[in-house]
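*Asks:* Residue numbers for the sequence shown follow full-length UniProt numbering, beginning at 1 and rising by one.
Just so you know, the hints here were simulated from the structure itself, not pulled from any lab data.
These numbers come from a predicted model, not from an experiment.
Among these hints, one or two may not hold up.
Below 30 Å or equal to it, Euclidean Cα-Cα: the simulated DSSO-like pairs (lysine-lysine) are [to be verified]:
no.	residue 1	residue 2
1	Lys138	Lys228
2	Lys77	Lys92
3	Lys300	Lys84
4	Lys66	Lys92
5	Lys131	Lys218
6	Lys223	Lys66
7	Lys84	Lys223
8	Lys220	Lys138
9	Lys218	Lys66
10	Lys213	Lys228
11	Lys92	Lys213
12	Lys66	Lys38
13	Lys220	Lys300
14	Lys124	Lys44
15	Lys218	Lys84
16	Lys138	Lys218
17	Lys77	Lys220
18	Lys77	Lys38
19	Lys92	Lys228
20	Lys223	Lys92
21	Lys66	Lys213
22	Lys138	Lys92
23	Lys124	Lys213
24	Lys124	Lys92
25	Lys223	Lys38
26	Lys38	Lys273
27	Lys223	Lys300
28	Lys66	Lys273
29	Lys218	Lys228
30	Lys44	Lys131
31	Lys273	Lys131
Ranges between beta-carbon positions, derived for each pair [unchecked claim]:
no.	residue 1	residue 2	range
32	Asp68	Leu244	16 to 26 Å
33	Leu161	Glu89	46 to 56 Å
34	Lys92	Val277	27 to 37 Å
35	Val206	Arg241	13 to 23 Å
36	His239	Ile172	25 to 35 Å
37	Glu156	Glu128	20 to 30 Å
38	Glu128	Met319	56 to 66 Å
39	Glu69	Lys131	18 to 28 Å
40	Lys218	Lys273	44 to 54 Å
Virtual Cβ for every residue (Gly too), placed ideally from N, Cα, C.
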Amino acid sequence: MATIEVPVSKVINTSLNPVPQYILSIIPAVLTAGAAPKTNFIDKLIRVAQCLSCPFIGLFYTCNVKNDEITTYWLRKCHFMEVKIELKELVKTQIPYKPVGHHAMTIIRPGNIAKFIEQTESNKFVRETFKELAESNKTVLEILEEECVANASVLERLSSLTLAYYILIGIISGIMRLIGPIICEDWPYIPLAFCWTLPAIYRRSVHGRLLVKDPEMKLKNNKIYVIKNDDNDNELQTHIRVVLTALASITVPWISVFLAYLTPPIGFYCRSKYLAVLCSIWSLNNLVAYIHHWVEEKNKTFDHIVHIWFTVFGVIVAMLLFVLALLISETSWWVSLFGQSCDVSGICPV
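Whole structure, please, built from the sequences with the hints as guidance.
*Replies:* Here is the structure:
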């Protein structure tokens with residue numbers, strides 16, 4: 001195989017190419033999607049790596065966790081107690097999963113206990129206990145809200161909009177390449193592949209609620225009491241939203257592969273194949289993440305394996321993006337690494 005000489009001047013010129021700029025612009029977007037209220041810097045990096053390797057993780061939090069639930073989402077399952085009414089008696093049990101997504105449950109609050117109390121009209125003790133649990137939840141949630149949540153500054157919101165601008169411009173430019181002339185120096189399909197970060201950017205810029213402290217550190221040994229949601233319509237909508245989130249995370253990035261392949265010249269330096277590798281990793285990991293959410297940590301060994309898997313693939317995806325940034329404008333490097341099938345020197349000069 002031929003060796004590749006990389007002069008310093010060529011590396012600098014390559015870094016000034018729009019493609020590395022596109023990749024640099026999506027780094028803050030991934031950081032936004034993978035933001036976690038962890039105190040340890042390594043834990044924060046692990047979360048970002050997991051989101052980079054599995055878009056479903058960031059999309060699930062953005063699209064399925066309400067604004068008033070952003071603190072409880074980060075709590076471990078051991079902090080939740082399910083309240084059941086059995087033979088007109090109130091029973092509290094530990095739940096084996098976090099009450100989100102397919103396992104969503106209703107947090108008992110003073111404003112929603114009326115329908116639960118109606119079921120126990122003949123038992124004053126149970127009614128009073130429900131009210132006490134609602135007040136307990138209210139106190140705990142207020143503490144978490146005051147201690148852990150802050151509003152994003154104007155600068156943070158504008159920065160998020162700037163990220164959205166780069167991604168949207170890349171998407172529009174990529175679509176226009178289908179009908180425009182052949183351009184060898186630019187290749188804007190990276191932003192399209194990372195369009196799954198847009199919901200997180202939208203949430204940051206519009207709602208502007210940020211977690212600045214780890215709720216685990218503030219909750220300590222307190223419990224949050226939840227009850228099964230008896231509203232079948234809301235439950236069905238929740239299930240549909242989770243399924244659509246999974247399908248979107250699996251399928252949407254592949255649009256960039258098809259556009260890259262269809263952009264003249266067909267195949268476009270084998271880049272569509274390179275993107276296909278990236279999207280294959282995402283699709284596999286998104287499917288694994290959805291299955292993991294469905295079984296929801298019931299198997300601790302599987303849970304640990306999944307988290308290590310996502311972290312390792314996050315590093316792999318980061319390396320693939322770095323290599324792509326270097327390769328993108330050098331047709332000779334593609335040929336040297338991947339063979340003559342990537343040679344389009346007759347159309348785009350080396």
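*Asks:* Going through the numbered hints above, which ones does this structure break? Give me the numbers in ascending order.
*Replies:* 14, 23, 26, 28, 30, 31, 34, 37
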